[in-house]
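**Q** Turn these sequences into a full structure, and let the hints guide you.
First to last, the sequence lines map onto chains R and A. Each residue of the first sequence is one higher than the one before, starting from 0 at the first, in numbering that gives the first Met the number 0. Each residue of the second sequence is one higher than the one before, starting from 0 at the first, in numbering that gives the first Met the number 0.
Treat the hints as calculated values from the structure; they're not laboratory data. All C-beta atoms in this analysis are idealised placements derived from N, C-alpha and C, irrespective of residue type, glycine included. Among the clues, some could well be false.
[Said to hold, decoys possible] Partial selection, computed: residues in chain A whose CB lies under 10 Å from chain R:
no.	residue
1	PRO59
2	HIS77
3	LEU90
4	LYS95
5	ARG340
6	HIS341
7	LEU343
8	THR346
9	LEU392
[Claimed, not checked] Chain A residues, not near chain R, derived (Cβ > 10 Å throughout):
no.	residue
10	ARG19
11	GLU21
12	PRO82
13	ASP260
14	GLU264
15	GLN267
16	GLY285
17	GLU296
18	ASP362
19	SER388
[What the hints assert, rightly or not] Over 10 Å on every C-beta distance to chain R, these chain A residues come out as not near it, computed from the model:
no.	residue
20	VAL58
21	GLU191
22	GLU196
23	ASP273
24	MET290
25	GLY370
26	LEU406
27	PHE418
2 protein chains.
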Amino acid sequence: MVRRWATESEIYNRIRMSFRFEIEACEGKARAGRLFTPHGEVRTPVFMPVGTVGTVKGVPQDTLEELGVQILLNNTYHLYLRPGVEMVRQLGGVQKFMSWDHPILTDSGGFQVFSLSDLRKVTEEGVAFRSHLDGSSHFFSPESAIAAQIGLGADIIMAFDECTEHPAEYARTKASMEMTLRWAARSKKYFEEHKQEVPWFSRGLKSAEDFNVALNGTAKAVPLQSTRKTSSSAAGEAVPFPNGGQTQTLFGIVQGGMFADLRRESAQRTVELDFPGYAIGGLSVGEPRPMTHEMVEAAIRFLPEDKPRYLMGVGTPEEIVHYVAQGVDMMDCVLPTRAARHGLLFTSEGRIAIKNARYAGDDSPLDPRCGCKVCTRYSRAYLRHLYSSNELLAQVLNTIHNLAYYLDTMRRVRQAITFGEFAKFLAGVPAAHRASQSAPNSFDLGAVES
Amino acid sequence: MVRRWATESEIYNRIRMSFRFEIEACEGKARAGRLFTPHGEVRTPVFMPVGTVGTVKGVPQDTLEELGVQILLNNTYHLYLRPGVEMVRQLGGVQKFMSWDHPILTDSGGFQVFSLSDLRKVTEEGVAFRSHLDGSSHFFSPESAIAAQIGLGADIIMAFDECTEHPAEYARTKASMEMTLRWAARSKKYFEEHKQEVPWFSRGLKSAEDFNVALNGTAKAVPLQSTRKTSSSAAGEAVPFPNGGQTQTLFGIVQGGMFADLRRESAQRTVELDFPGYAIGGLSVGEPRPMTHEMVEAAIRFLPEDKPRYLMGVGTPEEIVHYVAQGVDMMDCVLPTRAARHGLLFTSEGRIAIKNARYAGDDSPLDPRCGCKVCTRYSRAYLRHLYSSNELLAQVLNTIHNLAYYLDTMRRVRQAITFGEFAKFLAGVPAAHRASQSAPNSFDLGAVES
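**A** The following block contains the structure:
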């Protein structure tokens, strides 16, 4: 077996391999594709469950795997406060910390700073805020938010942005959008200068090992916690670039409040900064659903077709299908998990408030058309009993079902796009804003599980 | 295939088959054996996790199966109050209600009435009490407690007893013991007269189906909810005795407080009433551990060797091994599950209070010698983070591990007895009372999860 040093172009290719997006099928504006990240592949369109502090509340990681969860969202703000970025970094990054050897995305912390913390003060430099846990003082700048995200080591990280409050006047919204653009540039600059500091180990990082096999003819893991760029190849123990040369991927975020021209300008100028993926932020903050769709439309047409598009913090099961129809590839929302903990369950027969007395003697499955481990084993009567008795298992099982419902919806969406049947599929889904208005749980939710 | 009516002696044999206890190996006073119940087989000695209201808090039933849980304990008092006996009966009994197609034991409700409810008033007739949930008034007599347990439909049920308070004077303890004996006789009488009212369905009741195959040459299930004793065999759809002729099994309970002669008398006179199994109750109520062992010893030598012996409400992992050495076959305790929810974890290296800061950066498994799904996947650092962050998953994972530790202990105990190595095994386990005194969680616990 011949071992040799990588050439410069090989190193360049390796770094490029940190992220790739391939579109496999399109129907109308909807796309089905694949994201390739250092911790694995994600089929899009994808719904990302929220695991705020490194856990989807109440659900063990093996159950998430059984459910077919492909990628999780973790909240930088929460992990920064507890257990702290340095702790997670020393433990090898969020994937290793929570034993989730699959892709993870972290938000920038901006949204939580604005929605959860006290006494925040925003300046051009960044945001001073107090912890919602203990009132301690902290500061996030674009640089420090990216540093935190590099320390946490998610596969996809987000530029630090200001989530403009709703409602907001035009001038205020424009100023906020401009600052987000400046922060995006600073985020990118810091990331480019520091992206090699990601804490991943080669050991246990499947794609990196595969990569080592491809390049060096050996899958021999490098020593733990080694971050050296050079290598003594004497014993074949180490390879250059312990993390396989792979880095995280930084997405930009489009803002612009509820003004279509600002959304357009934000999209265009964020694209000029050139990110490998783009998020649309600052929506689902209390505005009516038709407005959300209008703002998505205003932004998305100016985002490049060959890059993934991530709509942050949405939505109901009907809404996410309609956002896919607008060209969205990635979404996250606390709705399925938070609603589950409040006994609100999504089924093929509509919403169910499981505490309702009508279910007390109902021995039928929660959703007869659902194949999840809750619907195939337990009755509505039992789930109602657990919820009424305030039992832990209610929250566990309800969460598993709601996630199954969301993930199954997205599987069917991907399949429909692949087989050119998405238009037909979409026709069977109520218009998002109507479904939303009639839903018992049509509340706007921040991207945090608390 | 020839179908015919069962003969009287076959029917008699079927009813006897509702419960069987076989001892397979003995070493000293310790025994390894098998219980056969209508919902399956239990290898003894066995530890029964507590699933108070029809759930082991936070743990889905498939995980309990993966853990190797053989039999669960449910609390009659709790299920009686919520969702109510009639509801559970209509839903087919506790096994079907909670989708646990394995053996279940219910306690009599007596202990909870004494420990949880308000304003109880004890008379010869029974106990008047108020619900701890809503203050509503209720009454348990031996008859109504057995009726409740028949309605719930556990495989093994318990005579209604008075759990004598501790400490108690000799005269008071003797009077209480005498009343428990009279209640035991009334419990048995009511059970014998009503045991055919158990709500089981043949469908899904594996052993009953097996039985139908053996007797009638067909496993064809009988119609749901049929409780008819007669049958129209025209379509081959129904067989006599829809529940396979099987009934629940009623155990008697030895009381006698902390007086060896009363324990002896209670044991002897309970045995005279002739139960298929005997429990020792009223221990682990605050007395020192050597006293517990003395009382177990005082009672157990007067219990028949060919019947199972169930020591109620014990104990630590060390204690349960020592009780096995005294000849105990069955135990239950909330300790593993309740301690787990309080972050107290049992490991081969001793007790761990997972909130301790020393574990914050500890990436080693909770117990390196444990093969459970918690120890093989997550680090102490992650478990500490979950607990410190008050995350639901902390309670779920901690409970899974503590149960795994208890169940693994009992598996090793059974194996040791089977291979004649129990004396050696026992020598490696600290004396129960010493282990208990040094344990951070050596508190006495009632048999209820709250």
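**Q** Indicate, hint by hint, whether the structure satisfies it.
**A** For each hint, the structure was consulted:
Interface hint at PRO59/A: satisfied, since its Cβ lies 6 Å from the closest Cβ of chain R, which is below the 10 Å cut-off. Residue-level restraint check for HIS77/A holds (minimum Cβ-Cβ distance to chain R is 8 Å; threshold 10 Å). The interface hint given for LEU90/A holds, since its Cβ lies 5 Å from the closest Cβ of chain R, which is under the 10 Å cut-off. For the restraint placing LYS95/A at the interface with chain R, the shortest Cβ-Cβ distance is roughly 8 Å, inside the 10 Å limit, so the hint holds.
Taking 10 Å as the C-beta cut-off, the interface hint given for ARG340/A holds, the closest approach to chain R being about 8 Å. For HIS341/A, the suggested interface contact is broken, since its CB lies about 14 Å from the closest CB of chain R, more than 10 Å. Violation of the interface hint for LEU343/A is found here, the shortest Cβ-Cβ separation to chain R being roughly 17 Å, above the 10 Å cut-off. Taking 10 Å as the C-beta contact cut-off toward chain R, the hint placing THR346/A at the interface is violated, the least distance being around 18 Å.
Taking 10 Å as the C-beta cut-off, the interface hint given for LEU392/A holds, the closest approach to chain R being about 5 Å. Taking the minimum C-beta to C-beta distance to chain R, about 29 Å, the non-interface status of ARG19/A holds against the 10 Å cut. With a least beta-carbon separation of about 31 Å from chain R, GLU21/A lies farther than 10 Å from that chain, consistent with its non-interface assignment. Here PRO82/A does not stay apart from chain R, with its beta-carbon only about 5 Å from theirs, under the 10 Å limit.
The beta carbon of ASP260/A is kept farther than 10 Å from every beta carbon of chain R, the shortest such distance being approximately 42 Å. Non-interface status of GLU264/A relative to chain R is upheld: no Cβ of that chain comes within 10 Å, the nearest being about 40 Å off. At roughly 41 Å from the closest C-beta of chain R, the C-beta of GLN267/A stays outside 10 Å, upholding its exclusion from the interface. With 10 Å as the threshold on Cβ separation, the claim that GLY285/A sits away from chain R holds: the shortest Cβ distance comes to roughly 28 Å.
Separation of GLU296/A from chain R is adequate, the least Cβ-Cβ distance of about 38 Å exceeding the 10 Å criterion. With a least beta-carbon separation of about 6 Å from chain R, ASP362/A fails to lie farther than 10 Å from that chain, contradicting its non-interface assignment. Its beta-carbon lying about 5 Å from the closest one in chain R, SER388/A breaks the requirement of being farther than 10 Å from that chain. Remark: the non-interface label on VAL58/A conflicts with the geometry, its nearest Cβ contact in chain R lying 7 Å away (cut-off 10 Å).
For GLU191/A, the shortest C-beta to C-beta distance to chain R comes to about 30 Å, beyond the 10 Å cut-off, and the non-interface label holds. Listed as outside the interface, GLU196/A is consistent with that label: its C-beta sits roughly 19 Å from the nearest C-beta of chain R, beyond the 10 Å cut-off. Here ASP273/A stays apart from chain R, with its beta-carbon at least about 36 Å from theirs, past the 10 Å limit. The non-interface label for MET290/A is consistent with chain R: the shortest C-beta to C-beta separation is roughly 34 Å, beyond 10 Å.
The claim that GLY370/A is not at the interface with chain R holds, since no C-beta of that chain comes within 10 Å of its own (minimum 14 Å). At the 10 Å boundary, the C-beta of LEU406/A stays outside the reach of chain R, the nearest C-beta of that chain being 18 Å off. Distance to chain R confirms PHE418/A as a non-interface residue, since its nearest Cβ pair spans about 33 Å, more than 10 Å.
Checked against the numbered hints listed earlier, the structure breaks hints 6, 7, 8, 12, 18, 19, 20; every other hint is satisfied.
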